[in-house]
Amino acid sequence: MDQKLKTKFLDRVKNALGRVSDSDFDVKKEQFFTNPEPGYRDAMTDSIENAVNLINEFEGNAQNQGWNTYKVSDVSRAREVLNNILNQIECKSIVCTNEQAVNLMQLDGLLSGRGIDICKMKSDDQINLDPNEKEQYFRSVAKIADVGITGCDFAVAETGTVVVIPKTGVSRLVSLAPPVHVAIVFLGQVVRSLDELFAIRRYQIVSGSKNGYMNLISGPSRSGDIENIMIQGVHGPGDVHLILVEQGLPTE
Amino acid sequence: MKPVTEKFRDIALDTLNDSKIQANLNALYEGFHSRRIAAGSATHNWEDLREHGRSIREHTVENLDFYIEILEQAVVANGGNFYLASDADEAANYVVELAKSKNVKTVIKSKSMLSEEMSLNSKLEQNNVEPIETDLGEYIIQLADETPFHIIAPAMHKDRSDVADLFSEKLGAAKSSDVNELAGVARSQLREKFFQADMGVTGANFVVAETGTVALVSNEGNGRMCTSMPKIHVAVTGMEKIVPTMNELSTLLRLLIRSATGQWISSYVTTINGPRSSYDEDGPEEFHLVLVDNGRSKLLSDPELREALLCVRCGACMNACPVYRKVGGHSYGWVYPGPIGAIVSPVLTDLKQAKDLPFASSLCGACHEACPVKINIPRMLLHLRRKLSEGDNDLDTQSSSVFERGFMKGFSKIAGNPLLMGFSVKFLRVILLPFSKNGRLKKLPGYLSGWTEYRTFPIPAKVSFRRLWKLKNR
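Those sequence lines, one after another, are chains A and B.
Per this note's numbering, residue 208 is the first one in the first sequence, and the count goes up by one each step.
Per this note's numbering, residue 615 is the first one in the second sequence, and the count goes up by one each step.
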C-alpha cells in the first residue's frame, strides 16, 4: 500500500499509545515470539502416547457436536460401515478426496455395479483436462454430489472437531458442498485440545508449510437465526458421519 | 452506516410498545444468556481462561503498533495484499475500487460488523456491484432493508411469520411456518450465488500477526463458501482484532464461542493464510486484508476508554443487559448496540449526537460480569457520563445546573456522615408520611415526577437498615 498513508495510519496509532520512539521493534520481536518447536513436540508426543484415550474422548465429544460416530477395529470394518452409511442414503454421486485414508476404502470396488458416480481429484477421467478445466469440472460435480468423503489431518478430543487442511488431492469443496459428509479418522490423529492443535499448526506454518487454509469441522452446518431454533444443513452438510478406525493410518 | 444515535428515546419507546419484539427479546435470556452460563461452568478453569484471554488482549492492544507491522510483513510474505484504512470511507473505497478494477459483478458476504460501519452494501450497489449477504440472519435483514438488531443474531426481532412474509414478497416463495423450509428457501437462493460470485467479503474474528492468519467463526458454512468459491477474498476488520500468534487462538476462540452462543465450539472455524498456493486444488487466487481504524485510535488514546478495544464482539453483554433486553438493538442507532455499543458507538461516531447512550444503563454490572475478557463497561459508561455532565463546548453540553450540583454536594455531605444521615432519614419520613399510602408515594412533584410515572416511590422505613443490622448482630 501507499507508504505515506501507511505512515500516517501507524503514526496515529503510535500517538494514541503515547510512543516517543519506536526503536524497540527488534527487541519486541525477540521477546514476544517464543520458539514454536517445543509446543509442537509436546503436542505430537501427547497425541501418540495417549492415542487410545484421546480417540475415546474424541468420540464422546464428537457425538455431542452432532456427528454420527462408528468406531471400528480396522480398515476392512471401516469399509463395511461406509457401505452401510451409503446404503442408507439415496446416493447417486459421491465426491471424495485423493488421500490415503479415503483411498484405503477402495470405493470403486465397494460400489461397483451400483450406478453411483464417484469423482475424485486427479482421477483418470480428468487427466486430459488442464488445471483450470479440472477445477471447474470438479466444482460442477461437487455442486450436485450427494455425499462427500474425506480423511482428516487432525482431530481434536476437547471439541469433537475434525480438522481438514486442503492440499493437493484435497479440495475445499468435498467437506462443504454436498449435503452429507463422511470423515474418516485414524488412531494417532487425535490431539488433546485446541491448544495442541494450534501449537502444531503454528510450528508447521512458521517452518514453511504452504497449506495455510484449514477448516475445523465440529458437527453439521447449523443456524439458529430464525427464532433461535436450531436447524441443520444451511450451507454446509446437515448430515455428518465419522468413522473412527482403531488402527494407525498406514503410510503410503 | 449513518448513525441515528440521537433517536435513542424514540426508537426505544417504539420497541417497548411492540409486544412481538418484546417476546422475541425475552427469548434471548433463556437462549444465549443461559447457554453461555452453562458453557462457562462446563469449561475447566473458566475464570483462569477469562484472565488469560484478557491478558492476551491487553498485551496486543498495548503493542498494537508493533503487531500491525508484523502482520503486514506476514500477509505480504503469504502473497496477500495488506491495506490500512484510516476510516470507514477509505476502507469502502478500497473494496469498491478493487471490485471495479476486477470487473466484479456479485460479491458474496459473510457476516461482518465492520462492513456495516463501511456501509459497504450500499456503496457497492451505487457502483453496480451486487452485494449478497449469506448468513441467514443477515440475508433476512438485507431483504427487509434493515440494520442488524443484534451482532450475533441480526434478525432476532423477526419471527417465522415475518420471515415467511418477507420471502414471499421479495422472492415469491410459498409461505411456510416451518423454520426448516424457510431456511431451505434461503439455502437454494444462495447456493447459485456461491458458485457464481466473483468476490467474497468476510470479517475476521481474529487476525494472527506472526503468520498473517485470519480466523473466521461460523455455523452455517457461508464463511467457508465465501473463502472457497470466488476468485478474490477480501477480509475487513477492526485493527484491534490482532493476536500475536496462533497459540493464542485456542483461548480466545473458547471465550468467544462459548460466550456468544453458548456452544462448546461453533460448527466451523476456518483459518486463512492468504491466497491459494500451488499446492491447493481450489480457493481464491487473490487475498486482501483491510485493517480499519475508523475512530478506534480515539479509544486507544484515552486511557479511560482503551479497555473497550479488548472486546471480542461476542454479544454476551447485550444478552445480559436488562436495558438492551427491553429497548432492543435498533435503539442504539449504530452498528454496535448494547452496553459495549453505548461506549463504542458514541466514540466512533459522535458523542454529541449520542448523549443518551451512556445513560442507557442501570449500572447493574451484569455486562461486566458476562464479558469473557472482563471489560469494566459500567466504569467507562460513568466516564462518558462525567464527560457529558461536566460541560463541554465541543460536545455542546452544559454542566449540570447550580441547583443539581448543590443538591448532590449536600447529599454527599449528609450521606458521608452516619449521624446526619440517620437524622435526615427520620426527618424525611415524618414529612412524607401524611402523603403516603402503605409506605409509598404515588406521585412525586415537579422535577421528580418522572420517577413515579411507572412506579411508586418508597418513603424511608420506620426502622432503618442500620438499626436492623445492629439488632441482628447483637
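Any given hint could be a false lead.
Said to hold, decoys possible - Here are the simulated SDA-like pairs of lysine to any residue, each with C-alpha atoms no more than 25 Å apart in a straight line: (1) B:K716 <-> A:K235; (2) A:K350 <-> A:D337; (3) B:K912 <-> B:S1038; (4) A:K236 <-> B:G693; (5) A:K235 <-> B:Q687.
What the hints assert, rightly or not - Reference excerpt, derived from the structure (chain B facing chain A, CB under 7 Å, subset only): (6) N631; (7) Q636; (8) N640; (9) Y697; (10) S700; (11) V793; (12) A797; (13) V799; (14) P858; (15) L863; (16) S864; (17) D896.
Derived from the structure by calculation, the hints contain no laboratory data.
Just so it is clear, CB atoms sit at the ideal spot from N, CA and C, and this is done for glycine as well.
Checked hints:
Of the supplied pair hints, the one linking K716 of chain B and K235 of chain A is violated, its CA atoms being roughly 39 Å apart against a limit of 25 Å. Distance restraint check for K350 of chain A and D337 of chain A: the Cα-Cα separation of roughly 20 Å lies within the 25 Å cut-off, and the hinted pair is therefore satisfied. Pair hint K912 of chain B plus S1038 of chain B does not hold up; C-alpha atoms about 45 Å apart against a cutoff of 25 Å. For the hint linking K236 of chain A to G693 of chain B, the alpha-carbon distance of about 22 Å falls within 25 Å, and the restraint holds.
Taken as a hint, the K235 of chain A and Q687 of chain B pair is honoured in the structure, with Cα atoms around 15 Å apart against an allowance of 25 Å. Here the hint on N631 of chain B is broken, as its CB sits about 21 Å from the closest CB of chain A, past 7 Å. For Q636 of chain B, the interface hint is violated, the least distance from its beta-carbon to any beta-carbon of chain A being 14 Å, above 7 Å. Contact between N640 of chain B and chain A, as hinted, is not supported at the beta carbon level, the nearest pair being about 11 Å apart and thus beyond 7 Å.
Restraint check, Y697 of chain B versus chain A: the minimum CB separation of about 5 Å is within 7 Å; hint holds. Annotation: S700 of chain B was flagged as interfacial toward chain A, and the flag holds, the nearest CB pair being 6 Å apart, inside 7 Å. Look at V793 of chain B: its Cβ gets to within about 5 Å of chain A, closer than 7 Å, so that hint holds up. Proximity of A797 of chain B to chain A holds as hinted, the smallest CB-CB distance being about 5 Å (cut-off 7 Å).
For V799 of chain B, the interface hint is violated, the least distance from its beta-carbon to any beta-carbon of chain A being 11 Å, above 7 Å. At its closest, the beta carbon of P858 of chain B sits 6 Å from a beta carbon of chain A; the interface hint therefore holds under the 7 Å criterion. At its closest, the beta carbon of L863 of chain B sits 5 Å from a beta carbon of chain A; the interface hint therefore holds under the 7 Å criterion. Annotation: S864 of chain B was flagged as interfacial toward chain A, and the flag holds, the nearest CB pair being 4 Å apart, inside 7 Å.
At about 5 Å, the closest approach between the beta carbon of D896 of chain B and any beta carbon in chain A falls short of 7 Å, and the interface hint on this residue holds.
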